[in-house]
Structure formats: structure tokens, C-alpha cells
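Here the protein sequences come in this chain order: P and X.
To convert a position in the first sequence, counted from 1, into the numbering used here, add 196.
To convert a position in the second sequence, counted from 1, into the numbering used here, add 196.
It should be emphasised that the hints constitute simulated quantities derived from the structure, not laboratory data.
Some clues are possibly wrong.
Chain copies aren't distinguished; within one or between two, either way the pair holds.
Unchecked claim - Here are the simulated lysine-lysine pairs, DSSO-like style, with alpha carbons at most 30 Å apart:
no., residue 1, residue 2
1, Lys-263, Lys-536
2, Lys-479, Lys-256
3, Lys-412, Lys-278
4, Lys-474, Lys-260
5, Lys-474, Lys-263
6, Lys-279, Lys-589
7, Lys-480, Lys-552
There are 2 protein chains.
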Amino acid sequence: MGAIKGNALVGQSGGPTCVINQSLVGVIEEAHRSDAIENLYGALHGVQGILNEDLIDLLKETPKTLKRVARTPSAALGSVRKKVTKNECMRIFEIFQKHNIRYFYYIGGNDSAESANIVNEIAREENFELRVFHIPKTIDNDLLITDHCPGYGSAARFVALAFMGDNFDNRSLKGIKINVVMGRHAGFLTAASRAARRDPEDAPHLIYVPERIFCKEQFLNDVQTVMNKYGRAVISVAEGLHDAEGNPIFSTGETDSHGNVQLSGSGALGDYLSQLVKDNLGKKLRIRSDTFGYLQRSFPGCVSEVDAAEAHMAGRDAVRFSKFDDLDGSIIFKRVGNGKDYEVLTEIVPLKELAKYTKSLDDKYINEAGNDINESYLDYLLPLMGELPHLGKLQEFGVI
Amino acid sequence: MGAIKGNALVGQSGGPTCVINQSLVGVIEEAHRSDAIENLYGALHGVQGILNEDLIDLLKETPKTLKRVARTPSAALGSVRKKVTKNECMRIFEIFQKHNIRYFYYIGGNDSAESANIVNEIAREENFELRVFHIPKTIDNDLLITDHCPGYGSAARFVALAFMGDNFDNRSLKGIKINVVMGRHAGFLTAASRAARRDPEDAPHLIYVPERIFCKEQFLNDVQTVMNKYGRAVISVAEGLHDAEGNPIFSTGETDSHGNVQLSGSGALGDYLSQLVKDNLGKKLRIRSDTFGYLQRSFPGCVSEVDAAEAHMAGRDAVRFSKFDDLDGSIIFKRVGNGKDYEVLTEIVPLKELAKYTKSLDDKYINEAGNDINESYLDYLLPLMGELPHLGKLQEFGVI
Numbered sequence: 197m198g199a200i201k202g203n204a205l206v207g208q209s210g211g212p213t214c215v216i217n218q219s220l221v222g223v224i225e226e227a228h229r230s231d232a233i234e235n236l237y238g239a240l241h242g243v244q245g246i247l248n249e250d251l252i253d254l255l256k257e258t259p260k261t262l263k264r265v266a267r268t269p270s271a272a273l274g275s276v277r278k279k280v281t282k283n284e285c286m287r288i289f290e291i292f293q294k295h296n297i298r299y300f301y302y303i304g305g306n307d308s309a310e311s312a313n314i315v316n317e318i319a320r321e322e323n324f325e326l327r328v329f330h331i332p333k334t335i336d337n338d339l340l341i342t343d344h345c346p347g348y349g350s351a352a353r354f355v356a357l358a359f360m361g362d363n364f365d366n367r368s369l370k371g372i373k374i375n376v377v378m379g380r381h382a383g384f385l386t387a388a389s390r391a392a393r394r395d396p397e398d399a400p401h402l403i404y405v406p407e408r409i410f411c412k413e414q415f416l417n418d419v420q421t422v423m424n425k426y427g428r429a430v431i432s433v434a435e436g437l438h439d440a441e442g443n444p445i446f447s448t449g450e451t452d453s454h455g456n457v458q459l460s461g462s463g464a465l466g467d468y469l470s471q472l473v474k475d476n477l478g479k480k481l482r483i484r485s486d487t488f489g490y491l492q493r494s495f496p497g498c499v500s501e502v503d504a505a506e507a508h509m510a511g512r513d514a515v516r517f518s519k520f521d522d523l524d525g526s527i528i529f530k531r532v533g534n535g536k537d538y539e540v541l542t543e544i545v546p547l548k549e550l551a552k553y554t555k556s557l558d559d560k561y562i563n564e565a566g567n568d569i570n571e572s573y574l575d576y577l578l579p580l581m582g583e584l585p586h587l588g589k590l591q592e593f594g595v596i
Numbered sequence: 197m198g199a200i201k202g203n204a205l206v207g208q209s210g211g212p213t214c215v216i217n218q219s220l221v222g223v224i225e226e227a228h229r230s231d232a233i234e235n236l237y238g239a240l241h242g243v244q245g246i247l248n249e250d251l252i253d254l255l256k257e258t259p260k261t262l263k264r265v266a267r268t269p270s271a272a273l274g275s276v277r278k279k280v281t282k283n284e285c286m287r288i289f290e291i292f293q294k295h296n297i298r299y300f301y302y303i304g305g306n307d308s309a310e311s312a313n314i315v316n317e318i319a320r321e322e323n324f325e326l327r328v329f330h331i332p333k334t335i336d337n338d339l340l341i342t343d344h345c346p347g348y349g350s351a352a353r354f355v356a357l358a359f360m361g362d363n364f365d366n367r368s369l370k371g372i373k374i375n376v377v378m379g380r381h382a383g384f385l386t387a388a389s390r391a392a393r394r395d396p397e398d399a400p401h402l403i404y405v406p407e408r409i410f411c412k413e414q415f416l417n418d419v420q421t422v423m424n425k426y427g428r429a430v431i432s433v434a435e436g437l438h439d440a441e442g443n444p445i446f447s448t449g450e451t452d453s454h455g456n457v458q459l460s461g462s463g464a465l466g467d468y469l470s471q472l473v474k475d476n477l478g479k480k481l482r483i484r485s486d487t488f489g490y491l492q493r494s495f496p497g498c499v500s501e502v503d504a505a506e507a508h509m510a511g512r513d514a515v516r517f518s519k520f521d522d523l524d525g526s527i528i529f530k531r532v533g534n535g536k537d538y539e540v541l542t543e544i545v546p547l548k549e550l551a552k553y554t555k556s557l558d559d560k561y562i563n564e565a566g567n568d569i570n571e572s573y574l575d576y577l578l579p580l581m582g583e584l585p586h587l588g589k590l591q592e593f594g595v596i
């Protein structure tokens, strides 16, 4: 007995990435080729779109549109942050039944994997014939099991390029520069800044990830040490820096300009750290901070070609796996070659294995002092980002 | 009588751009070909490097190094923010005399043009034989006379791409997004965000430049109107927003988290505006802000090829003009064709004409309500940025 025949539905969920539409287009293109799938519907804004019956016909989209959409950052179907309840699942099955939807592809992070898992488990309980596939994406790169996540490579590329440029900016007008990178709990994206350092004097000179406790005294000592050595310091910090009790650095005992913490999601951590350095290391120091913000996940100018191809493959293979009888789950990447022989293959694992929990940067990648990322991380990271530009410095052939 | 023979010196000054090294390499490459110039020295950190005799030999740099340096953002020689005094000029002439320097190329903005002008005028008073050339650069695009400034096109490209991506991000997870763009007095860079809008529903929905007085009440009305229309709003604001008295918005009557204004250069304006919207339009609104910061002038991933070529030409032509007897001044661009026939030629104008003063965005480019940039600005802007990516939306063929 082969796969069931019926219609399929795809949705996008969670924070967007630069290549989440590659996965969507991978699903659409392969659905065209599939014998099992008769029609493919898109739900606008994820599970919310299913509940609202905001469904569109995706097989009518032209190849030209799909080509452009694939290269367009963020979720073309719209996204949502929502966990489904049991009651909502029952409503979803009614809608699926009405439209004979037997394949459900959900592109998202671990929360989306959890929603997919809930739908899947309740479908089994209710004997509703459904194949559920979770297609991973997240710039945080924090999903379990998979070698890495679609979306991470492009965001990492943005962060690395930003630090490469900022290195030269800071080199030409010296001072202290603090750059805040996305990542509440996992330091993968902050660690990507490490790729900007080619010479020991290159930025970032210090890297702080949320896998370690952030100690203000050590931080100030570190900055002073770097300033003594290079006369400048570019510092990479994760937005999720926290103290020993797990409290975010920028709100532990500090209030922002309006007495509340709502502003802290924007420029507040960088501003706070700048002021901390100024207060302790010297009022006259030139100190600046930038918070990379949403550009990290949506900037269309520097997508990693590797990441784009892999995200497309993840979507395509979810549909390819659909032809196997009674198979569903999360798509994961397995790295089967590294360096010049870098290659990944997709596999499929049970939904519950990716749902709910996340992973952190492996301890072996963080240096002992907790203020840098080890060079070994580059073996893991570099193949994911595509080729970085070759920037240059003058050789400075002596004083005349 | 031809040009005097002697050595030449080049320096870089002011805030870096992505293509300021193109101008430097243009000077170096043309100096190799020049009959008048025997040796070319680079001053580290502009006039400060001359005063310190921190001079390096630039004709020894290899073509491979120069090729890489040209593509590298920021000032390879190091930069400085410094106006020279008469006494310092006298010291500069001593050093020039010692090294037989008869050509001085200074790459920078209007402050650098002023320094060059001071050196030039005092040289004439002192009968010190010297040709002074100012080579323009600034992401602010605010120099007089020239059609536009090297550095602007690449920064404008970054801003446009950032808004193009953010448009899709905001479209997929709706809310209010405020992006703060560099520009204290001139709105050129903020106006570049206008290039991201292809359809009327595209971001930015509102644009505020420092050429107009910023009125909080109008701003809040504008945001509410856009929210009513599209259910979302992406807003482009210049960091130099000010009230009717010329006071910056984020410090008029407001204090930052430490009671001083030093933090305001970072994320504070965006945070302040977010809070303003939240307080007035609704606590439950999803509001975010990003401050693009230094990435606008140093991001190596999205340089405008047009801008890069023109910056190279500006450096090259400064040296080419050196062969004419007793000629010096500022290089400017004259636009001699537009649209598909876009072309610029360099000319030279007296230093004092570019020095000291700056220009603003022409009134004709700002809409009557002062909350948008007119489409006519795109005729001026688009040729400077290089080709932008073609992003796409699903056609959304009806609800099933």
C-alpha cells in the first residue's frame, strides 16, 4: 500500500528568516511533482490561518513568482506565534476534513514543532488520517538533533559581515564599540561574529554568549585589557546576557528611561553597557553601541547561498518523504562531510524529539574565561555562511 | 610651464564610508602613472598623521593588496576628526618641505574640505608651493555643488535593502516598526528608504527628515492613519529629528536612563518614539525599533557598484588634474545623463566653495505634510545605488 492521496497544506510560523520562503517554495515545487498530493493550500499566518480558513491555492502561483518569493526574506504566507489547544485541533481537523487535507507541512522553530506535534498526536488519538511534517527554520540555530537550522547560515553571514565592516570602522576611528546580537538563550548567532576575526588584532576582541554567566567586573577588566593591547575594542554580546540568578543584565537593579522594562528589547542593553564602561573606565573614552535588531533575520542583501539551497532542500524533502507510507516527523540535517567536502543530507525524526526543548552552544566552543569563542567553532560555522568577501589592509611599508 | 615635480601625500578624514578606500586606491594607481609625482606617502589618521610624521610609502603596496583594500569599507589609512590651526599648518609645511611634498590629497567631508582649504590658503600666504585637492566622501550626501557624494550610494543601498527586508518582516508579523537612520542635519540617507516602496502598501509608510520640524501630535496621527489603513506601519526617521526650536526630539524635556544625553546617540531615539506610540496609541500594540547605526557606513556585503566606481574615479581624477599648472580644489560630480543614460563627469571647484557649509534635501522632494518623500526623488536616487534585488509576493489566488 502506498501513500494516501489527498490535499496538502503548508504554513509558516515563528520569527522569520531570510530563507524561510526557500522552504515554502521547495514544498510548492515538489507538490507539483507529487503523485500523492492533489492540491496544495497555503494557510495565511500559520495555524491562525487554518482556524480562520484563510487558505490560498498555492499551485496556481507562477514559476516567476515562486522564483522571486524564494529570494524574498520573511514568511510570504505570513507568520504567527501561537500554540494550538486540543479544542483548536478539533476545529483544525474539521477544516482539514472539509478540504480533504491529508498532509500538513509546518515551517518553523521549536514552538512550531510543538504545535505540529500536538496536531499529530491528537490526529492519531482521533483516528484522523494525517501526515504531519515539521520543516525547521530559526536564526537561533537552537533545535535539537539537527546539525544546524535553515536560516542560521544567512543570519550568521549578516553578523559576520557586520563585524568585518565594523572592525575597519573602529580601526580607523579608535574607541570602544559594543554590538548586541540576537539570541536570548543560545549563543550561536553571537558566536558567528567570530568569523570576522582573521588576524589577532581583528574584531571582535571579546565575545559574550548567554551560555555563561555575565559578570560586570570581569567584563570591565576584559575591556581594559583589550584597550591596553590594541587601543581599541569591539565587543560582541548576546541580547540574552544574564547574571548568576538568570536575570537579564539590563534590568537587574536598573530601570530604563521610563521606569519599565518594555524598552529593553531595543537599544537598551547596548546603551547600558556603554554607560557601564564609561562610568568605570573613563568618561573621555569614545564608546558606541549598535543593536543589530531585525536586520539580522530579514536583510535581503547578503543571503548565504548554502543556507538558501539547504532551506529549499528541507521543504522539498518533506514532500518527498510524504510518499512513504505512514511516515511523518521533523526534517533534520546530518552533516556527512566538512570543509571543502561539506555536505548535508536530510533525515526525518519523530516530531516530539524536536518539539519544546532547545539546545545551547556546546561548551567546547566557548573559551575558559567565557569571553571568546574558540577557533574550532569556525570548522562548524564557515561552511554554512557561503564565501565571505576578502577584505584587506595596507601592508604599511615603514615610516618614510 | 608644466606641473611642478615632487612628492605627494594622501590622507583620509571624517566618518568612514564603504568606498572611501576606492578613492584612496584611485589616487595610488594614478600616482603610479603620473609624471609629476615621484613618491606618494600616506598619512595615518589624516592631518594628525602629518603632524606626528606617521607617514607610510604607498607606492610599495602590491596590486593584490590594493585590489582588496579598495573593496574594504572604512579608511585604510585611519581617519581623524580634526580642524587644523594656523600653527599646525606651519608645522605641516615644515614636514612637507622636509619630504618635498608638493601635492596634498585629502579625502573627506565638508570639515575635511575646510581643513584642506585652510592648508591651501596659508600655503599661498606663505608662498609654499603646494597643490591641494579635496576628494569628497560622505554618507550624508550634504556637500555643496556636487550632484552627490561618493559614499552616499552604498549607504543608501544599505538603508533601502534594510527597509525592503523589514517590509516583509513586518508584513508577516504585523505591528509598528520604527527605524532610525543616520543624518543629523540632512535627510538624504533617510530619504533613501523610499526606494524600498514598490507598492503603496510597502514600507516605509512614513518618512521623517530633519529638514522639517517634527511634531509629536502629527506623528501619532500619521501612525494611527497608517495602522487603520494597513494594520501595520513601518516608519523611517532621521536621527536628527528636532522640534521647532531645533532641539533634538529625544532630549526635549526628556532625560535618558542616566540623566544625561550621552546615550542618545545609540538606541535612545527609537526607544523614545516606541514608548511615545505605546503611551498614546495603545499598550497592547506590537512596537519595535531598530537603529541602523554604524552598519550603514561600513557593511561590506552590499556596496553599490556605481558608488564604488565613482569613488575610484574621484581619487583618480584628483591626481589627473594635478598635471595642470597651478590647479587645485575640490572634486565634484556633474550628472550629464539620467535614468538608463546615467553618467557623471568630474569637475574641479575652488576648495572654499565646498568647505564649511552643507546642503539639505531639496524641499521639492519632501511631501507637503512633511511625512513622506516624493516619488520624484527616485529619479535622483536610484542610479546611485546599483541594481536592487527583485523581491516578490505571492499572488494569493483566492480563498479555497
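Cross-check of the supplied hints:
1. Lys-263 - Lys-536: Answer is both: 28 Å inside a copy and 26 Å across each meet the 30 Å cutoff.
2. Lys-479 - Lys-256: neither (62 Å within a copy, 40 Å between copies)
3. Lys-412 - Lys-278: For Lys-412 and Lys-278, the Cα distance exceeds 30 Å both inside one copy (36 Å) and across copies (34 Å).
4. Lys-474 - Lys-260: neither (53 Å within a copy, 40 Å between copies)
5. Lys-474 - Lys-263: neither (49 Å within a copy, 38 Å between copies)
6. Lys-279 - Lys-589: between (51 Å within a copy, 26 Å between copies)
7. Lys-480 - Lys-552: The answer is between: 26 Å across copies meets 30 Å, while 47 Å in one copy does not.
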